[in-house]
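Asker: Listed here are the chains, written in short residue letters.
2 protein chains.
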Amino acid sequence: MPVAGLDELRTKLAEVFDVRAAVGLLNWDQEVNMPPKAADARGQQLGTLSSIAHRLFTDRSIGELLKRLYGPHGLAADEAKLVSETAYDYGRATKLPESFVARFAEATSRGFQSWIRAKKASDFKLFRPELETLVELCRERAELMGYEDSPYNALLEDYERGLRVEALRPMFATLAQRQSALIARIVKSPKQADLAWLDQKWDTSKQWDFTLRLLKDMGYDFDAGRQDKAEHPFTSEFDLFDVRVTTHVYEDNLFAGMMASLHEGGHALYEQGLRVEDRRTPLGQAVSLGIHESQSRMWENLVGQSRAFWSHYGEVLRGFFPEEMKSVTPDQLYRSVNHVEPTLRRLEADECTYNLHIILRFEIEVDLIEGRLKTAEVPERWAALMKQYLGLDVPDDAQGCLQDVHWSHGAFGYFPTYTLGNVYGAQLFEQIQRDLPALWEQIGQGNFCALLSWLREKVHRVGRRKLPAEIVRDATGKDPGVEPYLRYLETKYGALYGL
Amino acid sequence: MPVAGLDELRTKLAEVFDVRAAVGLLNWDQEVNMPPKAADARGQQLGTLSSIAHRLFTDRSIGELLKRLYGPHGLAADEAKLVSETAYDYGRATKLPESFVARFAEATSRGFQSWIRAKKASDFKLFRPELETLVELCRERAELMGYEDSPYNALLEDYERGLRVEALRPMFATLAQRQSALIARIVKSPKQADLAWLDQKWDTSKQWDFTLRLLKDMGYDFDAGRQDKAEHPFTSEFDLFDVRVTTHVYEDNLFAGMMASLHEGGHALYEQGLRVEDRRTPLGQAVSLGIHESQSRMWENLVGQSRAFWSHYGEVLRGFFPEEMKSVTPDQLYRSVNHVEPTLRRLEADECTYNLHIILRFEIEVDLIEGRLKTAEVPERWAALMKQYLGLDVPDDAQGCLQDVHWSHGAFGYFPTYTLGNVYGAQLFEQIQRDLPALWEQIGQGNFCALLSWLREKVHRVGRRKLPAEIVRDATGKDPGVEPYLRYLETKYGALYGL
Numbered sequence: 304m305p306v307a308g309l310d311e312l313r314t315k316l317a318e319v320f321d322v323r324a325a326v327g328l329l330n331w332d333q334e335v336n337m338p339p340k341a342a343d344a345r346g347q348q349l350g351t352l353s354s355i356a357h358r359l360f361t362d363r364s365i366g367e368l369l370k371r372l373y374g375p376h377g378l379a380a381d382e383a384k385l386v387s388e389t390a391y392d393y394g395r396a397t398k399l400p401e402s403f404v405a406r407f408a409e410a411t412s413r414g415f416q417s418w419i420r421a422k423k424a425s426d427f428k429l430f431r432p433e434l435e436t437l438v439e440l441c442r443e444r445a446e447l448m449g450y451e452d453s454p455y456n457a458l459l460e461d462y463e464r465g466l467r468v469e470a471l472r473p474m475f476a477t478l479a480q481r482q483s484a485l486i487a488r489i490v491k492s493p494k495q496a497d498l499a500w501l502d503q504k505w506d507t508s509k510q511w512d513f514t515l516r517l518l519k520d521m522g523y524d525f526d527a528g529r530q531d532k533a534e535h536p537f538t539s540e541f542d543l544f545d546v547r548v549t550t551h552v553y554e555d556n557l558f559a560g561m562m563a564s565l566h567e568g569g570h571a572l573y574e575q576g577l578r579v580e581d582r583r584t585p586l587g588q589a590v591s592l593g594i595h596e597s598q599s600r601m602w603e604n605l606v607g608q609s610r611a612f613w614s615h616y617g618e619v620l621r622g623f624f625p626e627e628m629k630s631v632t633p634d635q636l637y638r639s640v641n642h643v644e645p646t647l648r649r650l651e652a653d654e655c656t657y658n659l660h661i662i663l664r665f666e667i668e669v670d671l672i673e674g675r676l677k678t679a680e681v682p683e684r685w686a687a688l689m690k691q692y693l694g695l696d697v698p699d700d701a702q703g704c705l706q707d708v709h710w711s712h713g714a715f716g717y718f719p720t721y722t723l724g725n726v727y728g729a730q731l732f733e734q735i736q737r738d739l740p741a742l743w744e745q746i747g748q749g750n751f752c753a754l755l756s757w758l759r760e761k762v763h764r765v766g767r768r769k770l771p772a773e774i775v776r777d778a779t780g781k782d783p784g785v786e787p788y789l790r791y792l793e794t795k796y797g798a799l800y801g802l
Numbered sequence: 304m305p306v307a308g309l310d311e312l313r314t315k316l317a318e319v320f321d322v323r324a325a326v327g328l329l330n331w332d333q334e335v336n337m338p339p340k341a342a343d344a345r346g347q348q349l350g351t352l353s354s355i356a357h358r359l360f361t362d363r364s365i366g367e368l369l370k371r372l373y374g375p376h377g378l379a380a381d382e383a384k385l386v387s388e389t390a391y392d393y394g395r396a397t398k399l400p401e402s403f404v405a406r407f408a409e410a411t412s413r414g415f416q417s418w419i420r421a422k423k424a425s426d427f428k429l430f431r432p433e434l435e436t437l438v439e440l441c442r443e444r445a446e447l448m449g450y451e452d453s454p455y456n457a458l459l460e461d462y463e464r465g466l467r468v469e470a471l472r473p474m475f476a477t478l479a480q481r482q483s484a485l486i487a488r489i490v491k492s493p494k495q496a497d498l499a500w501l502d503q504k505w506d507t508s509k510q511w512d513f514t515l516r517l518l519k520d521m522g523y524d525f526d527a528g529r530q531d532k533a534e535h536p537f538t539s540e541f542d543l544f545d546v547r548v549t550t551h552v553y554e555d556n557l558f559a560g561m562m563a564s565l566h567e568g569g570h571a572l573y574e575q576g577l578r579v580e581d582r583r584t585p586l587g588q589a590v591s592l593g594i595h596e597s598q599s600r601m602w603e604n605l606v607g608q609s610r611a612f613w614s615h616y617g618e619v620l621r622g623f624f625p626e627e628m629k630s631v632t633p634d635q636l637y638r639s640v641n642h643v644e645p646t647l648r649r650l651e652a653d654e655c656t657y658n659l660h661i662i663l664r665f666e667i668e669v670d671l672i673e674g675r676l677k678t679a680e681v682p683e684r685w686a687a688l689m690k691q692y693l694g695l696d697v698p699d700d701a702q703g704c705l706q707d708v709h710w711s712h713g714a715f716g717y718f719p720t721y722t723l724g725n726v727y728g729a730q731l732f733e734q735i736q737r738d739l740p741a742l743w744e745q746i747g748q749g750n751f752c753a754l755l756s757w758l759r760e761k762v763h764r765v766g767r768r769k770l771p772a773e774i775v776r777d778a779t780g781k782d783p784g785v786e787p788y789l790r791y792l793e794t795k796y797g798a799l800y801g802l
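The listed protein sequences derive, respectively, from chains V and S. Under the numbering used here, the first residue of the first sequence carries the number 304, and numbering increases by one thereafter. Under the numbering used here, the first residue of the second sequence carries the number 304, and numbering increases by one thereafter.
These are calculated hints, taken from the structure and not from any lab test.
Since the list gives no way to pick out one identical chain from another, each pair is judged satisfied if it fits inside one copy or across any two copies.
Below 30 angstroms or equal to it, Euclidean Cα-Cα: the simulated DSSO-like pairs (lysine-lysine) are:
| id | residue 1 | residue 2 |
| --- | --- | --- |
| 1 | Lys-519 | Lys-340 |
| 2 | Lys-504 | Lys-629 |
| 3 | Lys-340 | Lys-384 |
| 4 | Lys-340 | Lys-509 |
| 5 | Lys-532 | Lys-519 |
| 6 | Lys-781 | Lys-795 |
| 7 | Lys-761 | Lys-795 |
| 8 | Lys-315 | Lys-340 |
| 9 | Lys-423 | Lys-532 |
Take these sequences, add in the hints, and give me the full structure.
Answerer: Dropping the structure here:
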């Protein structure tokens, strides 16, 4: 017997999700297609649509429906979960006035355009006023949402439920200490990869075709998505049958494009793997950015930088570039893919240094939000931390604090989820190797069916039925922790560099 | 002194226009980018967003503001016009219930997908059920809107204010009679163009580049627009700084792509030429499809098929295809562009036969809407009229009644505006030639500045300040009539075919 009000709630939610899908498309188009002079109008459109979505979702009628439906009502488990997840979102959304949502959306649209210009000119000063506005809006947001201890906790909650800055600090301390120690040994190792062969022109249209091949083999459904080019690769979804990835290909960088496609492909498989019956409801959403990132980083690194993967795709790549690769041995290729070297850019950072890029951003973000750092001091602070963690000098803003799009979107509290993704991903992947004894053999044949099935069942199809830590615990039998990731790094790179 | 309520009205209108822009983008994306499996979700999104736009615009608060603002209030002329045009739209929109708008939007989304499949399979039966639904919805729409004499008049009003089927019949009769007579003489003329040279492979990427060159020279602003590929070329605008055209290029057809780009470019220049200060209001809209089409047909035919145009662009085109065109003389090229021959497809129809394609569709539409024709009978009726007007046998549905996208969008009453466009365009262009004595010399240099300035002043910047017939009358000193178009055809083709 259907419970009164549930259908009405579903209808109202569907409308909200449709407006959010339009916001998603306006954003995707802004980064992929939009002509430059349209920026102001697009900002207004995004402001209006975000505000409408917010207004529809925070309508008192939804609150009343939730009140009627909450508690023991003879709801099926999924129905009860639908109600409680909606109530969680409703509780948070109603803390934000519509005017704030519109101001935030317009500021991020202007922020993005400003960031594009500033990055092009490699001049942080061009972006600073918009960054200032965005930081202030995020602090205002934290006050509106409420928090304990640090306003940064209010922002973290948006991306990873229950995550707190006090929990991140010791975790990041362990990672920083063990990864720094590992890097120090690697840099001194005599067993360095020979990278000279990479210094050639790599035809970008062949690279593009190779990325399409990878996505297809992974199981990405091109009838329910597409790949385009964007400055900063990202994944957008407007429905589980419309999940789009972006990548970039550079003539002087063979690996950047394929790694971006593997990464975004991992995100996209998660979205394409949600349940049809959960569409246009909170249950049909990814549970958190940390879990999302566990998927992208798993495909990009744990799979895409493995020896088995390259035993197969090395030969596929050679088919695209027979002349350029004629003298490269499989071992040299594998070592090149896994070359460790502190670099300025997070996006091209290797597995051993990646988390240090995150920890650097985390420290800047916390200090900006807690008011200990002025926006004008960001480049200087960036340079100091880059020196401290990676021993590098930052030559200009484009390669420094302007390299990432996130702040221009007002996304403070987002970066830590990348490291959480590494941590969750490694823990899940240890379990996958136990559950699928033929895994490496299959990967060595470019066959990812069993892996994808495992992820579909344990992660993708869950949607928001479980919290992030529950997903990891139910799949692996253990609470999330940093040991699997550090074990993975130390084992793999210990062998590679003969430590 | 600002009049109370005007700012409030502007704010509410801006919100409506932003939602409509999102609907526009969802539609554009559907035809340019969207993966096939997303069709259902997109239909729902379009339904929801259209319904929201309708709900916002028909909100009682707008009606109350209009009542307060209507009449003598010390409003400036533009402000008064803004109010009266909004009142006109409001009066029509409030006749349509929100549920009808949502049903219509969903039906057109499904209709479009079904049309794509049917056209691919060249099987009208696959599209018939959706066409049936759309015809019924259009009849329902006519009843809701109200009409005199014919329900088709209610539909015409949407595309060309004040146009009536009773006015079209005699106009179409004159055109059909005079154009048929002209064609009969042309077909028998011994002075036929030598088209053998066209039967080659024409590299589509070179064609694409040529279309970009044409758009640029016309004055199309690529910083406020872009060109993409689509099955059926169209123009979309989400703001006057975001006006996008589409075209198609075929390896076996040198002229189709460039003519489509000139045509859509003409539409786009109109939209890019609206006034910034009219943005997000009815004044910042094109006044009618007939005037819109006068712009596209002027660029495509009156300019783009002229001897002066080809004296310049023939050499530009030769630069793209030096081998393929090495034996083609300028006169042969000009005659090839203007080759007259009854064909099955409207989109490739020449100037002399084009209106007959429209009259055929008009007759089918009127009979469908007035209930004298069943949807199942459309292919048969199409074939009969094609035989009657153009003497051609229709071999299959793809080349027959499935060739156009319009019906799949539920756009009945749209086709006649193409012929109105020819008629308005020729009348305006006669005046332009009087006003700009150096016109042909400039066109012969690929210089369209003076022409575009004339159009900007007399047509584009007017927006909805005047009705279609007023625009023509104010620019030319005469009421709109068919004589200028017939005079143009008979003079040009009389000379070409030595009649």
